[in-house]
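Q: If you want the building blocks of each chain, they are given just below.
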Amino acid sequence: MDDNDPKIAGDEKQSELVWGLDVTPEASPVDPGVIAVGPEMAVAGDVHPIDEGEFVRGSSLWRDAWRRLLKNKLAVFGLVVVVVISFAAITGPAIIKAVSGITPDYIPTDDIRLVKSFPPFTGPEGKFSWAHPMGTDNAGRDQFARVLQGGQISLFVGIISTLVSLLIGVSYGAIAGYVGGRVDNLMMRIVDVLYSLPYVILVIVLLSMFRSQTARGQLVLLFVALGSVSWLTMARIVRGQVLSLKNQEFVLAARATGVSTPRIIFRHLVPNTLGPVIVYATLTIPQVMLTEAFLSFLGFGVQAPLASWGSLAADGAQNIAIFPWQLIFPGVTMALTLFSLNFLGDGLRDALDPQMRTD
Amino acid sequence: MLRFIIKRLLVTIPTILVVITISWALIRLAPGNFYSGEKRLPAAIEQNIREKYGLNKPWYKQYGKTMWNIIRHRDFGNSLKYQGQSVNNIIWRSLPVSATVGILAYLLALIVGIPIGSFAALKQNSKWDYSSMALTMLGISVPNFVLGPILVLVFSLSLYWLPPSRWDGLFSRNIILPVLTLSAVYMAYIARLTRAGMLEVLRSDYIRTARAKGLSEKDVVIHHALRGGLMPVVSYTGPALAFLLTGTVVIEKIFALPGLGNYFIQASLNRDEPLIIGIVSFIAISLLLMNLLVDVAYAFLDPRVRYH
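Sequences listed follow chains A and B, in order.
Each residue of the first sequence is one higher than the one before, starting from 1 at the first, in the numbering used here.
Each residue of the second sequence is one higher than the one before, starting from 1 at the first, in the numbering used here.
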């Protein structure tokens with residue numbers, strides 16, 4: 001595209017809109033290289049045509065939000081901890097296996113003296129040892145590897161169940177909000193009724209009745225159970241957003257040009273609700289992880305040989321009098337993760353939606 | 001107000017029936033049977049069992065009979081595992097334990113949480129505000145099944161101050177640790193909700209009016225701000241009761257308390273069908289009635305809701 005293209009050059013309004021300045025591309029006598037100011041100040045000098053305009057970076061919602069997030073120390077702390085713990089959980093067991101040859105479910109059957117619970121950093125005969133920084137469990141399995149592997153399962157359950165709830169909640173809320181009227185009324189009554197159910201109790205009944213024979217089967221059951229009960233708030237939030245968006249011009253324009261209703265809902269409205277949805281999803285992950293841990297603690301969730309932080313804590317709680325490290329390490333790791341996720345969620349809320357802040 | 005209550009009751013009753021139906025259906029749809037254990041039963045014995053418990057009748061008759069007994073006679077039948085005990089009996093025996101722990105925990109949470117939250121709001125952005133909010137976040141993030149055993153480790157097994165488990169009635173030292181463990185998370189939530197509510201209210205016009213007419217800061221906070229600022233706490237009471245119920249399940253397991261939650265877990269593990277349906281229905285009924293009560297209280301406290 002040429003500078004002298006009449007469509008661009010002739011339309012002063014458009015250049016104003018694009019660059020937010022009363023400068024047309026032709027009115028730039030200064031050599032761009034001369035100006036030595038930050039990019040946000042440099043607009044007047046080096047205005048380029050739009051197709052080489054990587055310089056004209058607008059301050060988008062996401063960019064602003066990211067900057068605000070980075071200013072929030074607690075949220076940054078949360079983000080860092082979550083990233084570190086996730087990375088450790090994903091790569092940790094493999095690294096431990098490569099370094100010392102110990103897998104999370106390795107029981108030292110060849111040496112019977114090792115099949116017992118050692119305190120942290122302790123080897124046989126009570127000597128200091130680097131082999132098990134978090135000690136071992138009753139069967140002599142390395143606690144460190146187990147906590148990391150448990151983290152994999154806990155984070156996995158948290159994320160997958162949140163995605164399930166996202167899928168159901170966003171579609172449900174968006175449809176209810178956009179269609180409106182009697183359909184909306186009925187759909188939201190259903191949500192109200194489901195809201196008042198003692199759903200954890202029903203989940204326990206579901207999990208205990210349909211108890212799967214395999215650990216994997218039980219995990220899938222857990223996703224279904226957790227995802228299908230945690231979408232209610234999401235549906236309400238998305239509906240509220242859609243209600244406030246659906247009468248705006250861009251929806252009217254889409255409808256006028258003959259866009260189908262499903263396409264309006266999912267291509268035009270849903271992307272605009274993304275801010276609150278991301279915030280709430282971040283806050284759903286710790287909630288789901290907590291529920292999963294609670295169910296696993298009671299023995300309805302993740303089954304052996306798989307372990308999650310909840311099931312590790314359950315084993316540890318039984319031995320709290322003699323082997324406290326069996327509870328403390330998985331428990332503290334989990335608490336730290338939830339703590340960080342909550343701070344991250346709060347920070348995201350403040351960053352993405354400053355109006356929602358409570359202070 | 002009466003219309004409001006009647007309208008809410010009309011929603012509550014079908015909801016209770018839905019809960020009972022869901023739990024009944026879940027149990028019936030699950031593979032296997034309550035008598036299917038490790039050993040295969042001889043056909044004749046199985047036939048007898050099926051006859052005795054009405055399992056050879058079509059499903060709608062079984063469903064109808066269960067519902068009829070529950071609605072008409074408030075009778076959930078006898079427990080399958082606790083021989084000779086009726087479900088009603090077990091519920092009424094274990095309810096006081098759960099209710100005592102739950103109510104005490106919620107009261108403690110209110111007593112501790114509201115002052116912390118109010119102070120944080122009054123001294124917004126101070127060191128006190130930040131540290132108490134970080135502390136409450138910690139309270140929300142530490143699961144009670146981690147906190148409970150750690151408290152036992154510290155106060156019972158190391159310091160020998162408090163007994164680690166067992167139920168010994170309301171007026172005993174046994175109750176301290178369970179109540180403390182259960183209430184931690186609610187203290188945190190209530191403190192955060194109070195802070196948010198107070199911050200909102202402290203900015204409003206009527207607080208400015210109260211200050212302008214020369215009331216002392218103490219009067220402004222206690223008589224004017226708290227009333228509005230505590231509304232989020234009131235509306236949180238409904239969901240809190242639901243979580244309190246699930247919380248007691250864990251607490252009762254950790255501290256070996258003979259409460260409703262402990263029986264529920266045992267019933268689920270044993271597939272004790274009448275007991276499961278009985279406890280689920282009981283929990284649903286009490287939960288929904290409490291929610292109704294909270295809504296009425298809310299409407300009473302906030303006139304705007306009543307005319308909506």
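Take the hints with a grain of salt, since some may be wrong.
Said to hold, decoys possible - Each computed DSS-like pair below joins lysine-lysine, with the alpha-carbon atoms no more than 30 Å apart:
id, chain 1, residue 1, chain 2, residue 2
1, A, Lys71, B, Lys213
2, B, Lys123, B, Lys61
3, B, Lys127, A, Lys73
4, B, Lys52, B, Lys81
5, A, Lys71, B, Lys127
6, A, Lys73, B, Lys123
7, B, Lys65, B, Lys123
8, B, Lys65, B, Lys52
9, B, Lys52, B, Lys7
10, B, Lys81, B, Lys61
11, B, Lys57, B, Lys81
12, B, Lys127, B, Lys218
Derived from the structure by calculation, the hints contain no laboratory data.
Q: Each of the hints needs a verdict: does it hold here or not?
A: Each hint, compared with the structure:
Of the supplied pair hints, the one linking lysine 71 of chain A and lysine 213 of chain B is violated, its CA atoms being roughly 40 Å apart against a limit of 30 Å. Using a Cα cut-off of 30 Å, the hinted pair lysine 123 of chain B and lysine 61 of chain B is violated, with the two alpha carbons roughly 64 Å apart. Restraint check for lysine 127 of chain B and lysine 73 of chain A: satisfied, since their Cα atoms lie roughly 15 Å apart, inside the 30 Å limit. For the hint linking lysine 52 of chain B to lysine 81 of chain B, the alpha-carbon distance of about 15 Å falls within 30 Å, and the restraint holds.
Among the hinted pairs, lysine 71 of chain A with lysine 127 of chain B is consistent with the structure: their alpha-carbon atoms are about 18 Å apart, no more than 30 Å. For the given pair, lysine 73 of chain A sits about 20 Å from lysine 123 of chain B by alpha-carbon distance, which is consistent with the 30 Å threshold. Simply put, lysine 65 of chain B and lysine 123 of chain B have alpha-carbon atoms about 60 Å apart, too far for the 30 Å limit, and the pair is violated. Proximity of lysine 65 of chain B to lysine 52 of chain B is assessed by CA-CA distance (about 14 Å); at most 30 Å being required, the pair is judged to hold.
Of the pairs offered as hints, the one joining lysine 52 of chain B and lysine 7 of chain B is violated, with about 41 Å between alpha carbons and a cut-off of 30 Å exceeded. Between lysine 81 of chain B and lysine 61 of chain B, the direct Cα distance comes to roughly 24 Å. Compliance with the 30 Å bound is thereby established for this hinted pair. A hinted pair counts as satisfied when its Cα atoms are at most 30 Å apart, and lysine 57 of chain B with lysine 81 of chain B qualifies at roughly 22 Å. Distance restraint check for lysine 127 of chain B and lysine 218 of chain B: the Cα-Cα separation of roughly 21 Å lies within the 30 Å cut-off, and the hinted pair is therefore satisfied.
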